[in-house]
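Asks: Protein sequences appear in the order of chains H and U.
In this text, residue positions in the first sequence follow the numbering used here: the first is 104, and each later residue adds one.
In this text, residue positions in the second sequence follow the numbering used here: the first is 40, and each later residue adds one.
To be clear, the hints were calculated from the coordinates, so they are not data collected in a lab.
Don't take each hint at face value.
Derived DMTMM-like pairs (lysine to aspartate or glutamate); straight-line CA-CA distance at most 20 Å [said to hold, decoys possible]:
#1 U:482 with H:221
#2 U:199 with U:107
#3 U:199 with U:110
#4 U:109 with U:121
#5 H:187 with U:396
#6 U:120 with U:184
#7 U:239 with H:221
#8 U:182 with U:218
#9 U:182 with U:274
#10 U:182 with U:110
#11 H:187 with U:371
#12 U:182 with U:127
#13 U:239 with H:271
#14 U:406 with U:470
#15 U:120 with U:130
For each label pair, taking beta carbons as the anchor points, the in silico distance ranges come out as [claimed, not checked]:
#16 U:318 with H:206: 48 to 56 Å
#17 U:297 with H:269: 40 to 48 Å
#18 H:249 with U:373: 31 to 39 Å
#19 U:438 with H:274: 21 to 29 Å
#20 H:266 with U:258: 17 to 25 Å
#21 U:362 with H:250: 40 to 48 Å
#22 U:361 with H:203: 55 to 63 Å
#23 U:418 with H:266: 18 to 26 Å
#24 H:192 with U:393: 33 to 41 Å
#25 H:274 with U:144: 57 to 65 Å
#26 U:263 with H:199: 18 to 26 Å
#27 U:305 with H:250: 52 to 60 Å
#28 H:206 with U:478: 49 to 57 Å
For every residue, glycine included, the Cβ atom is placed at its ideal position computed from N, Cα and C.
Listed below are the residues making up each chain.
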Amino acid sequence: MLSRLRKFGWPPALSLVLVLLVSVGYLGCGGGKQVVQQTEAAPPEPVREEPPPPPPARQPAVEREEAPAPRPLMLANVNFDYDKYDLTATARDILAGHARALRERPELNVRIAGHCDERGTIEYNLALGEKRANAVRDYLVSLGVERSRLSTISYGKERPLDARSNEEAWARNRRAEFVIQNQ
Amino acid sequence: MTLESRLPVCVRSNRRLAIAAGCWRTTRRLALLAGMTGLLALLPCALVAQSEVYLRVETNTFARIPVELKECRPLQQASPKDATRVLDILDNDLWMSSVIASFRSDEAPAGDSPWLEIASRGPAQPFRLEVHPRLTQQNDRVKLEADLIDSHSRRPLAQKSYQGCRDNLRLLVHSLADDIVNLLTGENGIAKSRIAFTAKVGESKEIFVMDFDGTNVRQLTGFGTLNLTPAWSTDARLLALTSYRQDNPDLVLVDGVTGRTVRAFPQTGLQTAPVWSPDGSLIAFASTHEGNSEIYVMNAEGKRLRRLTHHPGVDSSPTWSPTGRELAFTSDRLGTPQIFIMDAEGSNVRRLTYVGDYNDSPAWSPKGDKIAFVSRLNSRFNIATVEVTGENLTQLTAEAGSNEDPAWSPDGYRIVFSSTRSGGSDIYSMEWNGQNVRRLTHKGTCTSPAWSNNSRPDLNSACRD
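If we strip away everything but chain H, and leave its shape as in the complex, we get (with noise of 0.2 Å):
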């Protein structure tokens, strides 16, 4: 190599000073791939030792950042008749409207609580909480919210929203509520 940088008239002093630099460079560049190897293989140890924390912890503050939160879901009780889990006319329009909001949300999931009146046995009004729960999951399905983010539990009579014992009271407890689970 440098026989051949001679033959085109360098100086030797400067042919050697090329040519390690061109090592140098060449050294240097296998070096660089060293490197970035190392920090491609790297990440993964310390990833896999944390990985939930960092992207939740970021990714929320970015959308923060750069797009405004949206207004956080309310989904509004509908409620039943006595001793029925069939849907009424008004609970259906209600549940029209969730399902609309449901579709423009798809990152919620919901999960729909059945609760009766406090008239029956424990055990029949948690069969029948849960019968509420999945009428109106059923339905919202049917308006084409994915199966997959709903989910159901019966509370019976175990949680009622007015603790008195007449018809106004029965009528709002018995209802089916919706807790949107991450927002």
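Given chain H, put chain U in place with the hints provided.
Replies: Same frame as chain H, now just chain U:
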């Protein structure tokens, strides 16, 4: 007979039926006693049967054996106050046994004493049991002794002795009461049994345990969630219940003394109303983990799960017959919730109740002949019993709030239930015919009572030395 012609008869004759049934039971029991002890003279139950009036006292007293409680003597360090306590507890225990009419010889004859009422109506009873108790105390330890004497022949029938810590005096007396019941009837008493129930603690509902007479109320669980429908294991050590502690209504087993979780059975859907088989090997319960509410059985390890019902209606609230060969349960498969009976394998399903459009919470008597349940008639919830043949429907509660969750005492003579008769929901117990009602709790949020078999308490557990 058609259904239409059958219903009004059952409803109209409720009260008469109650008396007739009571009389039959009384006769059977007395005959048993007479045969066993050879000491009893039978009073003709026709006296009651002829009456058209609903007789509150007579129904009880004719079934009861008179036991006279002599004064309890305090010896050594025992206080007269403790001696009086012994008599008070013993008197109540014996009365709650449903087979004994106890009275104190140191009391002035009271006009309303059932035993005196019997004596005034018929020939003098040739037999009554005299109990001569003594209480001895040395430091923290007490000894309760009692001579049991046939008052007629003056023959001593037995001498009993119990020792333990003074703090367990109540348990010592319970042991004496159970031995007296056993001596006179051959049956096990209920004085050492306990009742579990649920009550509100803040927003949650926790499991509580008390003695059969409503004393020693103790909070057992502290899950901070909803906990429902407790059921005692056959050996009275564990409770199975529905708990929301994992945010879903799942079955868990907790220790009946410490309240610690022994085992949990997480499952999708709703798991409710667990109940142990009489031999203690299986738990029946209702579950929706396959979609619809069906009855299942599994062993206490959660293994060998078997599905018993196969119907699109809601099947729930199972209860075992005392032989373990059959189960009663609630099903709305014919439109309204009604009680059905099936064989333990799930076959041979037949309907038991026809009156009313809402019958739920069946509880099979340990004696085997009756099933207690909740019945809604005229928008009110009441406790009723029906024989396993479907005959003799008897309404036990009336005009006293909402009455739910019936469960039998281990001897089959009493029924514990929840009632809103005093405003809030509390636990009450009554005799199998609806008589002798006792209020057991005063929290106002108590539901789902479950009556244990007799436990074997450690009489020395509370000793300080």
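Asks: Are the hints correct? Go through all of them and say.
Replies: Evaluated hints:
Only pairs whose Cα atoms come within 20 Å are accepted, and residue 482 of chain U paired with residue 221 of chain H is accepted, the gap being roughly 18 Å. Only pairs whose Cα atoms come within 20 Å are accepted, and residue 199 of chain U paired with residue 107 of chain U is accepted, the gap being roughly 16 Å. Between the alpha carbons of residue 199 of chain U and residue 110 of chain U the distance comes to roughly 16 Å, so the proposed pair stays at or under 20 Å and holds. Between residue 109 of chain U and residue 121 of chain U the alpha-carbon distance is near 15 Å, which keeps this suggested pair within the 20 Å criterion.
With a CA separation close to 14 Å, the supplied pair residue 187 of chain H and residue 396 of chain U stays within the 20 Å bound. For the hint pairing residue 120 of chain U with residue 184 of chain U, the CA-to-CA distance comes to about 17 Å; that is within 20 Å, so the pair holds. As the CA atoms of residue 239 of chain U and residue 221 of chain H are separated by approximately 15 Å, the hinted pair is consistent with the 20 Å bound. Simply put, residue 182 of chain U and residue 218 of chain U have alpha-carbon atoms about 16 Å apart, close enough for the 20 Å limit, and the pair holds.
A distance of roughly 27 Å separates the Cα atoms of residue 182 of chain U and residue 274 of chain U; the hinted pair therefore is violated under the 20 Å criterion. The suggested pairing of residue 182 of chain U with residue 110 of chain U holds, with an alpha-carbon distance near 16 Å, which does not exceed 20 Å. Distance restraint check for residue 187 of chain H and residue 371 of chain U: the Cα-Cα separation of roughly 13 Å lies within the 20 Å cut-off, and the hinted pair is therefore satisfied. Among the hinted pairs, residue 182 of chain U with residue 127 of chain U is consistent with the structure: their alpha-carbon atoms are about 17 Å apart, no more than 20 Å.
Taken as a hint, the residue 239 of chain U and residue 271 of chain H pair is broken in the structure, with Cα atoms around 23 Å apart against an allowance of 20 Å. With a C-alpha separation of about 14 Å, the suggested pair residue 406 of chain U and residue 470 of chain U falls inside the 20 Å cut-off, and the hint holds. At roughly 15 Å between alpha-carbon atoms, residue 120 of chain U and residue 130 of chain U fall within 20 Å of each other, so this suggested pair holds. Checked against the given bound of 48 to 56 Å, the beta carbons of residue 318 of chain U and residue 206 of chain H, roughly 54 Å apart, stay inside it.
Judged by the Cβ atoms, the range 40 to 48 Å given for residue 297 of chain U and residue 269 of chain H holds: they are separated by roughly 42 Å. About 36 Å separates the C-beta atoms of residue 249 of chain H and residue 373 of chain U, a value consistent with the hinted range of 31 to 39 Å. About 26 Å separates the C-beta atoms of residue 438 of chain U and residue 274 of chain H, a value consistent with the hinted range of 21 to 29 Å. A beta carbon spacing of about 22 Å between residue 266 of chain H and residue 258 of chain U agrees with the range 17 to 25 Å that was offered as a hint.
Taken as a hint, the range 40 to 48 Å holds for the pair residue 362 of chain U and residue 250 of chain H, whose Cβ atoms sit roughly 44 Å apart. The supplied range of 55 to 63 Å is met by residue 361 of chain U and residue 203 of chain H, whose beta-carbon atoms lie about 57 Å from each other. In this structure, residue 418 of chain U and residue 266 of chain H meet the distance hint of 18 to 26 Å, their C-beta atoms being roughly 20 Å apart. A hinted range of 33 to 41 Å holds for the C-beta pair residue 192 of chain H and residue 393 of chain U, which are about 35 Å apart.
For residue 274 of chain H and residue 144 of chain U, the Cβ-Cβ distance of about 60 Å falls inside the hinted range of 57 to 65 Å, so the restraint holds. Checking the proposed 18 to 26 Å range against residue 263 of chain U and residue 199 of chain H shows it is violated: the Cβ atoms sit about 37 Å from each other. In this structure, residue 305 of chain U and residue 250 of chain H break the distance hint of 52 to 60 Å, their C-beta atoms being roughly 21 Å apart. In this structure, residue 206 of chain H and residue 478 of chain U meet the distance hint of 49 to 57 Å, their C-beta atoms being roughly 55 Å apart.
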